[in-house]
Structures are given as structure tokens and as C-alpha cells.
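Undergrad: Here the protein sequences come in this chain order: A and B.
Under our numbering, the residue at position 269 of the first sequence is numbered 269, and the numbers go up by one with no gaps.
Under our numbering, the residue at position 154 of the second sequence is numbered 1154, and the numbers go up by one with no gaps.
Derived from the structure by calculation, the hints contain no laboratory data.
Be a bit skeptical, because a hint or two may be false.
[As the list claims (entries may be wrong)] Derived CB-CB ranges, DEER-like: (1) B/Ala1149 x A/Gly136: 22 to 30 Å; (2) B/Tyr1038 x A/Leu126: 40 to 48 Å; (3) B/Pro1112 x A/Ser43: 54 to 62 Å; (4) A/Gly136 x B/Asp1130: 47 to 55 Å.
[Stated by the list, open to error] For the chain B half of the interface with chain A, some residues (derived, Cβ under 10 Å), not all of them: (5) Leu1075; (6) Trp1113; (7) Leu1299.
Ideal Cβ positions, reconstructed from N, Cα and C, are used throughout, including at glycine.
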Amino acid sequence: MTTARTVLTIAALTLREATRRRVLLALAVLTVLLLVLSAWGFSRLAAESLTSGEARLTASILLNLVMFGLSLIAALGTAFLAGPTLSGETESGIALAVLARPIRRSAFLLGKWLGLVVFGGGFVVLAGLAEVLVVGATVDYWPPEPAAALALLAAQTIVLLTLTVLLSTAISPMASGVVAVGLFCTTWVAGVVGGVGASLGNDAVGRVGSVSRVLLPTDGLWRGAMHAFQDPAALLEFGGGAEAGAFPFLSQAPLTVTYLAWAAVWVAMVWGLAAVAFARRDL
Amino acid sequence: MTAGPTAAGSAGLREAADLVAALPPGPAVWCSGLRKRYGKQQAVADVSLEVGRGEVVGLLGPNGAGKTSVIKMLLGLVRPDAGEVLLLGRPAADPAARARVGYLPELFRYQPWLSPIEVLTLHVRLSGIDVPAQEQRDCLALVGLADRAGDRLGGFSKGMQQRLGLAVALVAGPELVVLDEPTSALDPLGRVDVRDIVLALRSRGVAVLLNSHLIGEVERVCDRVVILDRGRVAASGSLDELLGQREVRLHLTDLPAGAAQRLASAGRVEREGDWFTVALAAGDPGAVVPDLVGDLVALGVRVHAVEPARISLEERLLGILRAGQGDHR
């Protein structure tokens, strides 16, 4: 009971920090900019005379591209919020008075994490939904599984911020943000490289993507989200099969349940590691 | 058949519970054999100390003596390598032991995006104790922040943040207050406020552990003092025990023969002109001094002034620390 109260109090505090520190404002401005730009782009697209197949393919690719932009904004936002909120507070001494209260450190950490999850997940879901609506209004394209796609996008953000939380129990606030975003981009690139390898029939290079997707599930979840955003016929339009795998803004296959379970286990494991590290830390 | 033993068992249990309830509550702080090493540096070598309920204990010692490390170990902020801690009678490993503990850290920083009243509300919630909003405001007023209750902390000076830290330590009805250098950022007025607050806490039966290097402050408010040096307890005791040596200064003229002898019988005498300082030998000073003055007057000595004096805590502290250094060389 008291632990739940602590978790909720700290989660609410983290959300308040995000709004008061103008992180929310910065994200909102960037998102509106991206939405307006994409709305303009899509409306220009609608003016072109494309076949319905071409239109769906282009809409799918562009939607995925914009969503990638959104997920990057979310990644940067949460990574640079998670760093300061944990290691920043322990460095500056704000955590001293708070953790001297009758609360468990794991409850404190869970509260911080939960606040960040609500913030990051809420942001990508809302911004993503807005983008889906923009696309629907401009080019009349509706993704096949918008809810699943948005959930996967949120899951990707959660994976990244869990990693940042772990990093920020060990290293400085700035470094944890930089390392997390760096790893996020690296896995994405590894995924693209793996796709190129697979399309060339090179198994060794193809495996790079699979291995990186297991180590850090952000790219795997992102590919799952793309698959749910894109038109099923788009891949065939693109040539289908292996060649499309080399293209970073189309995904060949939906996510397996096993992979989703792995992502959940990964989050639980990394969070547990963060909790152990944080509980042992001298403040 | 079964009711008998059960009834006897519950009666026994009740008896045991009554017995436990009748025990005096454990001390506010009790720790034994605390040790902490940071890399090669042995910050705390072996510290055992106790703060009784309602007692004000000062923690003194030079920089790097391990005072802040000891405080952080008491509050579960630093993991001791060895040793045991009880807070208000409960093992400190259980966070609930800190429910009635208030703490002002040496490094006081509070969420800059919150206002003072929001910080207090946060701490009240985390402490799990119900404190009415009015009491929280009273607490801010006590530290002189009543008219800044709604402003963001971002623009607060260090002194004002330290005042807020004091309010945070006091807000949730503590039975033990740990103050780590509570006046480091305060002006002289603020220091007087802190002294008054500590004295008020003592009068309400709240135990206080005060770490300060302002010896005068400690001397004025503390019942007992623990002196740390290089991670060990170098000395501890009540002020009377530590400053046991009492002196009396006398302004005397027209000394007849025999007066010097009478003075010497009371203790070692130092003379500066007409002023005599007598280091009183053992005995109740309450009886020794009047007897001495009475005898001197009877001898025909003209007594202009009698002033009690004793060595200051500062002199005693320096003496202990220098003796410790001597041992190490």
C-alpha cells in the first residue's frame, strides 16, 4: 500500500518535472513542426497523378519515415529526461532528502520509470495518432493496424528509456543520454545493414541485424511498428521479397509473439539490473 | 479441551506484549561498529554512538573525520561495510524506521521546478504521515519562508534553500531530526533561528543529531557531544564530562598573609595583577566556591568580582585532536 503510494507519488513528480522543465513544450513544438511539414508533403503528394498502388506505397513509406522522426524525437526526449531525473538528482543532492524518507529505493526507481513510461509512451501514441489522422485526411491512407503500430512505437520508447534508467544509475546524466541515443541509432543502422546483407544473400552480414535486435529490441519493435503502418500490398509493389528488406522504411514481416515476449523479458531484466545497481549505490 | 491451552497461550502472548509495551522506547539512534571504506580511503573505521530520546547530541570533528558518512549510514543513504544501526528502536535496514526521522543534508538541494509548499507536500506524502496543510504552512513560517511559499525554488538563494531544508526536516512530525551543517549558508540571524529551533525541538522531546563545525553553536544547544577523528570516536560525553575542569576567576585586593595559602588549597592558582584564576580541584563547585569566598572575606580580603569560567569546548576539541595526532606520530 505504502509502496504503491510512493511509486505513484514519484511517477506524478516525474511527470510534473517533464512539464515544468519545458520538455513537454519542446517536444510539442517539434512534433507540431513535423506534423505540419508532413501534412504539406502529403497534400502535395495527393496532387500528383499516381496509380492507387503507387500512392499507397508512397504513403506507406512516407508515413514510416515521419514515424521514424517521431520515434527519434521521443527517444531523444525521454533519454535526456531520464538521465537528469535519476543520476542528475543523485549528483546534485536532490535525492538525498527524498531517499532519507521511509521509502524503498526500488519503489523510487519504479516511480521514476513509470512516470517516464507514461510521458514517453503517451507522447508517441498521441503524436503518432495525430500523424495517422493527418495522412488519412490528406491522402486518404489508413494503416492496416494503427493501434498495434502505435503500441509498438510506445514499446520501443519504453525499451530505450529503461536502458537510459539503467545507464543513469551508473554514469553521469549527460553520458547516459548520449550512450542510450547512440545505441538506439547503432541498432537501427545494424538493422539496415542486416537487411542489405539479407537482400544480397550474405548470411553473416544478415545476422548483424538479428543479433542487434536481440541485444537491444528497439529496432525489432520499430520494424514491427512499420509493418503495422504500411500497406500490405506496398511490399509487393516495391518488388517484394528480399530486395525490399534492404529498404529501411519498409518492413518485411510482422513481429512474432516470441520476440514480443523477449522484449518484455528484456525490459524486466534491465529494470531489475537498474534496481539492484541503484539499491547498492552510495549517495 | 482445546480452548484451555489456546486461552492460556493468548494470555501469555498478551502478557508478553504488555511487557514489551512497558519497556522504555529504544534510543533515537543507536549504532555499533560502523565501518565504511571508499576505495583506499577508510572513511569510517569504527563508530558506535547513541542519541537518547529527546537528547541533543553534537557531532564534532575536523574535515574528513567521517561525520557526514556516519550520518548517511544512519539514514541508509550509504551502505556500511560493517556495523548495525537502530533508528527509534527499529533496524535501519527497514525503511519504515525512518518514518519519524527528519533530515537536512549537508548538500541541500530541492527540486528547482517546485515551490517550497510543493516540496513540503511531497515530503509529507513520502513520509506516509498526515500533516494538515495549515501545519505545513506554519512550518514554512517557522523558517521564515511564509511569503515565498508559492515561488519556484529555481531563483532561491543558498540560504533560503537551507531554510527550506530545515522545514523539510521538521514537517512530518519527526521524533529524530538529523541536521548536517544546518547553518553553513545562513547569516547570523539565520543561525540564531536554527539555535532557537533546536532548543524548541528539545523542549518538545525531539531528539536531534547536530553535525556542525561551529563549536559555539554546539556548546550552546547540545546535551552531549561526540568527537570523531579519522573515522573513530575520539571522545564523547556530556559537556560537563568533557569540560569537567572548572575554573573560577576572582578579582581580589588587600591580600593578607594566609590568603594565598587558602587560594592554593582550592586548586592551582594563576595570577595576573589583581585577577586570580583558580582551577578548582575535584568537589562540588556549588559548595567549594562559596566556602572559598567566605574564607577570603573572613581573612580580610576585599572581593571585587567572582566569575565562573571553564575551558571552552573549542580548547577541549583542539586538545583531543592534537593528542590524537601525537599518538599517530
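Undergrad: Now, for every hint given, state plainly whether the structure supports it.
TA: Verification of the supplied hints:
Between B/Ala1149 and A/Gly136 the CB atoms are about 49 Å apart, so this pair departs from the stated range of 22 to 30 Å. Between B/Tyr1038 and A/Leu126 the Cβ separation comes to about 46 Å, which falls inside the hinted range of 40 to 48 Å. The beta-carbon spacing between B/Pro1112 and A/Ser43, approximately 43 Å, falls outside the hinted interval of 54 to 62 Å. Between A/Gly136 and B/Asp1130 the beta carbons are some 51 Å apart, a value that agrees with the proposed interval 47 to 55 Å.
With its C-beta approaching chain A no nearer than about 5 Å, B/Leu1075 sits inside the 10 Å limit, and its interface hint holds. With a least beta-carbon distance of about 4 Å to chain A, the hint placing B/Trp1113 at the interface is held under the 10 Å criterion. Hint status for B/Leu1299 relative to chain A: violated, with the closest Cβ pair at about 62 Å, above 10 Å.
Going down the numbered hints, you'll see the structure goes against 1, 3, 7, while the others check out.
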